[in-house]
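From first to last, the protein sequence lines stand for chains H and X. According to the working numbering, the first sequence is numbered sequentially starting from 1. According to the working numbering, the second sequence is numbered sequentially starting from 1001.
If you are wondering where the hints come from, they were derived from the structure by calculation, not from laboratory data. Small disclaimer: the values here were computed from a predicted structure and weren't measured. A hint or two may mislead.
[What the hints assert, rightly or not] In silico lysine-lysine, DSSO-like type, Cα no more than 27 Å apart, as pairs:
1) X:K1036 <-> H:K82
2) X:K1036 <-> H:K52
3) X:K1144 <-> H:K30
4) X:K1044 <-> H:K27
5) H:K30 <-> X:K1090
6) X:K1145 <-> X:K1118
7) X:K1148 <-> X:K1118
8) X:K1044 <-> H:K52
9) X:K1148 <-> H:K52
10) H:K30 <-> X:K1044
11) X:K1182 <-> H:K27
12) X:K1118 <-> H:K42
13) H:K30 <-> X:K1148
14) H:K52 <-> H:K81
[Unchecked claim] Chain X is faced by these chain H residues, among others (derived, beta-carbon under 10 Å):
15) L19
16) C21
17) L23
18) I25
19) K29
20) V51
21) D53
22) F57
Note that the Cβ used here is the ideal one computed from N, Cα and C, for glycine as well.
Here's the letter readout for the chains.
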Amino acid sequence: MNAGGINVQFDKELDARGLSCPLPILKTKKALNDLASGQVLKVVSTDPGSVKDMEAFASQTGNPLLSTGEENKDFVFYLRKK
Amino acid sequence: MALSTEEKQSVMSGDALDRAITERIDALFEKRLEAKLAEIKAAKPASMTIIATKGTLDWAYPPFILASTGAALGWDVSIFFTFYGLELLKKDLRKLKVSPLGNPAMPMKMPMGPAWFKSIQWNIPNAVQSIIPAYEHFATKMMKKTIKNQGVAPIADLRTMCIEAGVNLIACQMTVDLFGYKTSQFIPEVKEYVGAASFLPLAREADVSLFI
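Please take these sequences and the hints and turn them into a complete structure.
This is the structure in structure tokens:
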């Protein structure tokens, strides 16, 4: 799997744009619940705080953060469900 | 004549032998203890207990934000609602208000209109605030509008997320009696109505314990 670029294959997308802390994290957690182990979730957010928060969420919950990037002022994250 | 290792050991006696044994046991014990502690830590999920004591719209946020986030991180979370914090367990949260009166840190800005208008900080003296009819109601409306504009979750939504994530909501029985509340005023998800003696043992075991 390509973990570095923006063309990561994903199984589900979560649009968390316009939402503030802690909603992007809470919705990410919920969306991951619907995925099977190994599947990838794409999250798009506009909250600048979510960049650090998503890293912390990934390390705390053990769901690897495959990549973090910016696309047209949005923050894009790819998480793999553990 | 030099002694071989075997011979040295054979002549090691009394104090020297005791010291050697103690040193060896200490070294082994430390290693084993570290492994055991890591094992215990890994087996037990992190936990957090929060004491929520405030019943205004602004102060409703910290306990529910921290609790829902803790739950999302996989932590066991319990909130003990006491005194005005019990307001946060009422069925209807629309009655929560915020008051700028006597709260000099609260920014007073309009959530609507052109940018120049929105950037004005309205410094209204306490004495004036206190005589304007429905001032609190107005300030609460403005705050709710700002919350919505900023994409911050309404309190009722955050509370629902806490419930869905399995956060334990615990009410202080003493305050219920003190303020003359009926348990029917509170949401049915309240796990129990107990006292400090029931909550403190939970807090004792928690990794994080907060008073809000």
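Hints versus structure:
1. Annotation: proposed proximity of K1036 of chain X to K82 of chain H holds, straight-line Cα distance about 25 Å (limit 27 Å).
2. About 32 Å separates the Cα atoms of K1036 of chain X and K52 of chain H, which puts this hinted pair outside 27 Å; it is violated.
3. The suggested pairing of K1144 of chain X with K30 of chain H holds, with an alpha-carbon distance near 25 Å, which does not exceed 27 Å.
4. A threshold of 27 Å between alpha carbons decides the hint, and for K1044 of chain X with K27 of chain H the separation of about 25 Å falls inside it, so the pair holds.
5. For the suggested pair K30 of chain H and K1090 of chain X, the alpha carbons sit about 25 Å apart, so the restraint of at most 27 Å is met.
6. Restraint check for K1145 of chain X and K1118 of chain X: satisfied, since their Cα atoms lie roughly 12 Å apart, inside the 27 Å limit.
7. The straight-line distance between the Cα atoms of K1148 of chain X and K1118 of chain X is roughly 15 Å, inside the 27 Å bound, and the hint therefore holds.
8. As the CA atoms of K1044 of chain X and K52 of chain H are separated by approximately 25 Å, the hinted pair is consistent with the 27 Å bound.
9. Restraint check: the Cα-Cα separation between K1148 of chain X and K52 of chain H comes to about 23 Å, which is no more than 27 Å; the hinted pair holds.
10. For the given pair, K30 of chain H sits about 22 Å from K1044 of chain X by alpha-carbon distance, which is consistent with the 27 Å threshold.
11. A hinted pair counts as satisfied when its Cα atoms are at most 27 Å apart, and K1182 of chain X with K27 of chain H does not qualify at roughly 34 Å.
12. With a C-alpha separation of about 35 Å, the suggested pairing of K1118 of chain X with K42 of chain H is violated against the 27 Å cut-off.
13. About 22 Å separates the Cα atoms of K30 of chain H and K1148 of chain X, which keeps this hinted pair within 27 Å; it holds.
14. Among the hinted pairs, K52 of chain H with K81 of chain H is consistent with the structure: their alpha-carbon atoms are about 19 Å apart, no more than 27 Å.
15. Annotation: interface hint on L19 of chain H holds; nearest CB of chain X at approximately 5 Å, less than 10 Å.
16. Using the Cβ-Cβ criterion of 10 Å, the hint placing C21 of chain H at the interface with chain X is satisfied: the shortest such distance is roughly 7 Å.
17. Hint on L23 of chain H holds. Least Cβ distance to chain X is approximately 5 Å, under the 10 Å limit.
18. For I25 of chain H, the interface hint holds, the least distance from its beta-carbon to any beta-carbon of chain X being 5 Å, beneath 10 Å.
19. A least Cβ separation of about 4 Å between K29 of chain H and chain X falls short of the 10 Å threshold, and the interface hint therefore holds.
20. Restraint check, V51 of chain H versus chain X: the minimum CB separation of about 16 Å is more than 10 Å; hint violated.
21. Interface restraint check for D53 of chain H: the shortest CB-CB distance to chain X comes to about 8 Å, inside 10 Å, so the restraint holds.
22. About 7 Å separates the beta-carbon of F57 of chain H from the nearest beta-carbon of chain X, less than 10 Å, and the hint is met.
Violated hints for the displayed structure, listed by number in ascending order: 2, 11, 12, 20.
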